[in-house]
Amino acid sequence: AAGVIQSPRHLIKEKRETATLKCYPIPRHDTVYWYQQGPGQDPQFLISFYEKMQSDKGSIPDRFSAQQFSDYHSELNMSSLELGDSALYFCASSPGTSGPLAKNIQYFGAGTRLSVL
Amino acid sequence: AKTTQPISMDSYEGQEVNITCSHNNIATNDYITWYQQFPSQGPRFIIQGYKTKVTNEVASLFIPADRKSSTLSLPRVSLSDTAVYYCLVGDSGVADGLTFGKGTHLIIQP
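Residue numbers (this note's numbering), protein chains in the order written: chain A, 1332 to 1448; chain B, 89 to 198.
If you are wondering where the hints come from, they were derived from the structure by calculation, not from laboratory data. For every residue, glycine included, the Cβ atom is placed at its ideal position computed from N, Cα and C. Please note: incorrect hints may appear among the correct ones.
[Claimed, not checked] For lysine to aspartate or glutamate, the following EDC-like pairs were computed, each having C-alpha atoms within a straight-line distance of at most 16 angstroms:
1) K1383/A - E1413/A
2) K90/B - D1373/A
3) K156/B - E145/B
4) K1344/A - E1413/A
5) K90/B - D179/B
6) K190/B - D1373/A
[Claimed, not checked] Chain B is nowhere near these chain A residues, computed Cβ spacing over 12 angstroms in every case:
7) A1350
8) V1363
9) E1382
10) D1387
11) A1441
[Said to hold, decoys possible] Some chain B residues well away from chain A (every beta-carbon gap over 12 angstroms; in silico):
12) I107
13) S128
14) R132
15) I135
16) A153
17) D154
18) T159
19) T170
20) V172
21) V182
22) D184
23) T187
24) P198
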């Protein structure tokens, strides 16, 4: 079965540079979520989109922005990168209201490992 | 709701492993959901329940009548079950982010 696709899998950037992470949700999933997981940390929710509109917001820095496009893929844009932004970034998707009634089960991608030097 | 799980657990291949999660402040509309995460991989949904017992091909989830705790049961574990297991309790609506607390590091030995 198709899963959530994230690209790139690995990314190396310098401080103060920008980075763009991409996420392609499972087909027919209309909701996308972004999470950040630092070394030895638990995943932290950043932001979500439902039907191309921002829905929920977590601990996303002002330097980060995201959007969901008409084909439901999403991009996380990160500017003025800092050393502390080095982490695994996961995208997840869910069927939203079009899926089963199970409470918000999310399907995660393999992640993008961002290293800021 | 705030959850409390053991930080780590050890077991052996072929054994049944039970991981208990405490959630004393669970609300009426809250569901209990468990995710599994392998190193450097995204969390993977295991099982979800509201009350009593739920079973799927991977695990069972036992929820007592007061719902203040829940137990994830993994039958006949193997080395590949070594992972972090997260218990999430909440009434997540469409597009709500998940709140991951401190999970349980399960280590399976041969």
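The hints, checked one at a time:
no., hint, result
1, K1383/A - E1413/A, "violated (28 angstroms)"
2, K90/B - D1373/A, "holds (15 angstroms)"
3, K156/B - E145/B, "violated (25 angstroms)"
4, K1344/A - E1413/A, "holds (10 angstroms)"
5, K90/B - D179/B, "holds (13 angstroms)"
6, K190/B - D1373/A, "holds (7 angstroms)"
7, A1350, "holds (18 angstroms)"
8, V1363, "violated (9 angstroms)"
9, E1382, "violated (9 angstroms)"
10, D1387, "violated (5 angstroms)"
11, A1441, "violated (6 angstroms)"
12, I107, "holds (16 angstroms)"
13, S128, "violated (7 angstroms)"
14, R132, "violated (7 angstroms)"
15, I135, "violated (10 angstroms)"
16, A153, "holds (20 angstroms)"
17, D154, "holds (20 angstroms)"
18, T159, "holds (19 angstroms)"
19, T170, "holds (17 angstroms)"
20, V172, "violated (8 angstroms)"
21, V182, "violated (5 angstroms)"
22, D184, "violated (5 angstroms)"
23, T187, "violated (7 angstroms)"
24, P198, "holds (26 angstroms)"
Checked against the numbered hints given earlier, the structure breaks hints 1, 3, 8, 9, 10, 11, 13, 14, 15, 20, 21, 22 and 23 and satisfies all the rest.
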